[in-house]
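Combine both chains into one complex, guided by the hints.
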Amino acid sequence: MTNINDLVANLAQEASAVKPAPHPFLLSLQWMGAAAIYLAVSLAFSGLRPQIVEHLQNVWFAAEIATLLTLFIVTSLSAALLAFPDLHQKRRLAFAPIASFALFLLVMIFAWGADSPPAPLPVHSFECTLSITLMTLLPAVWTFYSLRQYASTHYHLAGCVASLSAFSVGALWMRLHEANDSIAHVVEWHYLPMLGIGLLGLWLGKVFLKW
Amino acid sequence: MRQSLAGDQRAYVELLQATTRLLRPFLSKRLSFSSEVDDVLQEILISIHKARHTYDGQRPYKPWAFAIASFRLQDHLRMLYADQLRHATDFDELEESLHEDVTESAISYESISKEVEKLPEKQATILRLMHQDGFTAKEVAEKIGMKESAVKVAAHRAYKVLKERLER
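Line by line, the protein sequences give chains A and B. Start counting the first sequence at 1; every next residue gets the next number (the numbering used here). Start counting the second sequence at 212; every next residue gets the next number (the numbering used here).
Chain B on its own, in the form it takes in the complex (with noise of 0.2 Å):
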């Protein structure tokens, strides 16, 4: 580095070659894709080229770098995560696009019976206890011991999987 650092390009070039292979297993180990792995290697590289002043080489190199790559992959986790969050759907908005009333049904329940009982046991019961029985979602979600929004979105679901069976 502190040849580097006098503008010796070749030492240079050796530095960051041994970074990447120093820092590769570090990021690899913490991040699931080895395309992400490299876009983040990238970033480092460039951050490293950037604050390569505030590095004299009287101190270790190694706890410099990996204090920029540290600092490098958690700002590429909170992005990652925070661009996650943007397009995640809100359980409020969700519960608000289901119908008010997801016991109403058009056709009758004996009429598609085979086809519920096809469906994953939950949704099966949930959907029997609705439509066979005559529950509301607030009560069968007591009966069961689940939230009624997640009786409601289990049943949404399964009117979806049912309505795909139907129209094949």
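So here's chain A without its partners, still in its complex pose (with noise of 0.2 Å):
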């Protein structure tokens, strides 16, 4: 008990003022916002793939990236809330990208039943897993620096969801950049290794963002 006191006693004299850190959604806002900037610059260099206004009117394009942003946005989301011990006190909030990703599979599986007759394989496959992976890193670099400034209870489910919304920034720059309409492509070499990166989110998260 003694122990305790000294302890208490050590740790207010500690004690300096502190600045609370920022609501979670204006963290998550934070983080859009540089996401929105990289991904506008970086489809400025690359370019947006040819005649993307009327693929956009393709209902299953269109659906495939709203729901990838909205899996973007959830999981900014979800990341930022993960960053407080408490989960800010939102914890339905916190698991959202659950139903997200469930609605982002159901759109992929409907979109595949839609790509009827199937269009051409591109010539190309890991590359764009490859390119993805590229882009998503400094997305993901800039969101673990920033969870690691808070005090996450969750970190393995922190570092997957974060490493998620940072892949999510480099799908969608693929999709609208790169010129194909091969559902089978873009499922195995787009969104499939989302899987992989999820599950090294865990770990990354383990390694990162322990306190």
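In short, the hints are calculated from the structure, not lab data. Glycine included, each C-beta is placed from N, C-alpha and C at the ideal position. Please note: incorrect hints may appear among the correct ones.
Calculated lysine-lysine pairs in the DSS-like style (CA-CA distance at most 30 Å, straight line) [stated by the list, open to error]:
id : chain 1 : residue 1 : chain 2 : residue 2
1  : B       : K240      : A       : K90
2  : A       : K19       : B       : K261
3  : B       : K325      : A       : K206
4  : B       : K273      : A       : K210
5  : A       : K210      : B       : K240
6  : B       : K333      : A       : K90
Sample of chain B residues at the chain A side, in silico, Cβ under 8 Å [unchecked claim]:
id : residue
7  : S215
8  : L216
9  : L227
10 : R241
11 : P274
12 : A278
Footprint (simulated), chain A over chain B, 3 or more residues, beta carbon under 8 Å [to be verified]:
id : segment
13 : 243 to 256
14 : 333 to 341
15 : 345 to 354
16 : 358 to 371
As structure tokens, this is what we get:
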């Protein structure tokens, strides 16, 4: 008990005024703003896919982009909530990526079904995964760096969600840049690697976010 | 907490003391020793101190403090169990360290039968079957419905006890 009293006295001596962390909504908004700028700059350099406006009139392509965007927003928000020990007391919202993932999966299943006759497969394959991963690096670094400033008690999950959020930026860029209509290719080389990234994120969370 | 975030040290002391009173019963229910409770409590207080910027004073304090407490408690238990697992003897290793044939013996069973009968019933039965009736460990295992390795371990323990008693 004496040790506890000593510790309390020591901690109180060290305690100076601290600036409370920003609200998680604001934090996620900062990340999303930065990601939007990054995406816009990247697309300005790499170029949009030809006839993007016509493609966006295709229901399943538009739905895919919309759900991918939703996934990015929801994972950013969830990562920001997971940065707080008590998830900012918004537990349901912190686990919302499950629902947005289910929605995304549903859209991809319908898009696959609608791809009849199937669009020809592009000649490249893993290059897409590689490009998306490279595009993901910068958002992943800043999200993890930002998360480290807080105190996540769900560091595995925070790492996973942050990685998925960063990867969805890369996936969005690739989908808006690459002239490809093959859903089989998109699923295999754009979205399936997401699972691997999610698992990697679990491990990265343990390595970088444990405190 | 709001006052302590603003740098009021007295308010901070009061808050940490109140937190200690709040968390001690929570930890005592989940940990066996009071020294362990104190250790984890100290860890939690340090964590609360480190993470105090993640509390803004706008939401209830208790769920925030308990989230950190549960996190540190889980951390402690994980380390404790991992440590116990590291120091536990692997059953396979134990089996390897046993003699190949535990039925061989330099002394006759009859000469130590009185000591054998003083052993716990299961161990005595195993030794009787192996040394008086001449069954192998595998056969004994089948006879009494145990695993062969478990029979060997029980025999090994019985030898140890017998050795100590006979050397006295």
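Count the residues of the segment 345 to 354 of chain B whose CB lies closer than 8 Å to any CB of chain A, then report whether that count reaches three. violated (count 0)
Count the residues of the segment 243 to 256 of chain B whose CB lies closer than 8 Å to any CB of chain A, then report whether that count reaches three. holds (count 4)
Against chain A, with CB atoms and a cut of 8 Å, does the hint on R241 of chain B hold up? violated (16 Å)
Chain A contact restraint on L227 of chain B - CB to CB distance below 8 Å: holds (4 Å)
Count the residues of the segment 358 to 371 of chain B whose CB lies closer than 8 Å to any CB of chain A, then report whether that count reaches three. Violated - the segment 358 to 371 of chain B has 0 residues with a Cβ nearer than 8 Å to chain A, which falls short of three.
Sort out whether K240 of chain B lies within 30 Å of K210 of chain A, counting only the CA atoms. holds (26 Å)
Is the hinted pair K273 of chain B and K210 of chain A satisfied, with a Cα-Cα distance of at most 30 Å? holds (22 Å)
Hint validation: S215 of chain B versus chain A, beta carbon distance must be below 8 Å. Holds or violated? holds (6 Å)
Verify the interface restraint on L216 of chain B: the C-beta must sit less than 8 Å from at least one C-beta of chain A. Nearest chain A Cβ about 6 Å off; hint holds.
Holds or violated: A278 of chain B as interface residue toward chain A, Cβ cutoff 8 Å? holds (4 Å)
Please work out if K333 of chain B and K90 of chain A have their alpha carbons no farther apart than 30 Å. Violated, at roughly 57 Å.
Residues of the segment 333 to 341 of chain B with Cβ under 8 Å from chain A, three needed, outcome: Coverage by chain A is violated for the segment 333 to 341 of chain B (0 residues, Cβ < 8 Å).
Hint compliance for this structure: hints 3, 6, 10, 14, 15, 16 are not met, and every other hint is.
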